[in-house]
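The lines below spell out each chain.
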Amino acid sequence: QVSELVQFLLVKDQKKIPIKRADMLKNVIREYRDAYSEIVNKAGRILLEVFGLQLVEIDTKRHIYILINNLPRAEGQYLCKDKEKEKMGLLLAILSFIFMKGNSVKDSALWEFLHLLRVYPGKQHNVFGDVRKLVTEEFVRQKYLETTPIPLTDPPEFKFQWGPRAEKETSKKDVLNFVAKIQGKDPTFWASQYSEARATS
Amino acid sequence: NTVMATQMTDAHRRFMQILMSNGITEGSEARKLHQHCCETDKVYYAHNKLDDFINTINSHLQPLFMQIRKGISEDDGRAHYAVVNLAETEVTKMASDYTEIELELFRKTMDLIILSENGFASSTDILNLADQLKTKKMKKKEAEQVLKLFVEDKWLSEKNGEYTLHTRCIIEMEQYILSNYQDVARKCNICHSLAIQSQVCESCGIGMHLPCVKKYFKGQTEPRCPKCNEFWSYDTP
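Chains as they are written, first to last, in the UniProt record's numbering: chain E, 1 to 201; chain D, 1 to 237.
Keep in mind the hints are simulated off the structure, nothing from the lab. A portion of the hints provided could be inaccurate.
[Claimed, not checked] Covered stretches of chain E, as calculated for chain D (at least 3 residues, CB under 8 Å):
1. 5-19
2. 114-128
[What the hints assert, rightly or not] Here chain E is said to cover these stretches of chain D; the calculated rule only asks that three of the stretch's residues, wherever they fall, bring their Cβ under 8 Å from a Cβ of chain E:
3. 63-75
4. 182-190
Quick caveat: nothing in here was measured; it's all calculated off a predicted structure. Backbone N, C-alpha and C define an ideal beta-carbon position, used for all residues, glycine too.
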């Protein structure tokens, strides 16, 4: 059971789909329900020991898990596949924007920011394809971003924040350093973001 | 000291992660990766000891029914590495990436390829299969797109409008193919691994990989079949 669960988790994680406890019970654990915690704990230990991946529960109410990389991030070309690398670049830009603007932005502000990067939600992008779908669906499903409707808005508006996977896989400190590097300034230039980054690291 | 040698380090874990995300990694890339991982995670780098490094990982993968396996490309004879699921009874790694109907198309394509003389199936023949799928008929345009995906994901490789199994597919599915196509699947007479593309002796029917043929007949002016000694009628590569 444990090895089946490890395989199951690895496969789901390849797509960065968060894993629900219900799926684990139905597809893998099945009749061994009583041993659920034991099986999950053992699988978690193996994932860490052999693959350097950490099984993290990001939603303790609905019991949803993701695998995050426990290895220190490496520089350079081996980071991830090319298609993924570009998407991650875009994501980092979005996460930075959200952080620098106080951790929450309106969707209209986000689209305006993307226009500056010559990425237009209405048009097909030659690398990212349907950008609106990528940002509002794929990144949200993967838990990199969280989107919530703003009440009493008509037509409905949404706000974007960091999702639980972003919080686990990167840090405000990393993001601030990234922004600082791009703008050629010292991170302390942004006093409130700097103290927030220090506080949460 | 074998106990020390079998400890997993972050370098091993990093190597494993990248191997899994690559799907298939060519030999010299794997050696570079070995060095990169050791340097990144500050682990002693034993130059040219990639196989030992991999064996350490494999000893930990064994209880999980997984293995890093080395396979030889039928095209250029070069070594490639892929992560294999040994407990597979079905094409399970593909199962998560494709729909039922796409998987059916793949299985039927694999049938065509394995049953063929030369290990290739023409795109016309594959597209005709799309019409006959049990799950649901697939339009030719859709099938063309799916074929493209199979090539992108390295399950199939394409040459001049014909398709054969990618080295990745052969490494990952060798067990599955040998057990499910027992009577039809060919094994190379030289290296005894599964042979999808091969040259076959016209007299006695044994088959050999092209790179294996090249090595075996190197320097021989009169190539003869290793089994029945008849003239080898093909151009040796």
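Going through the hints against the structure:
{"no.": "1", "hint": "5-19", "in the structure": "holds (count 7)"}
{"no.": "2", "hint": "114-128", "in the structure": "violated (count 0)"}
{"no.": "3", "hint": "63-75", "in the structure": "holds (count 4)"}
{"no.": "4", "hint": "182-190", "in the structure": "violated (count 0)"}
When each numbered hint is compared with the structure, violations occur for hints 2 and 4.
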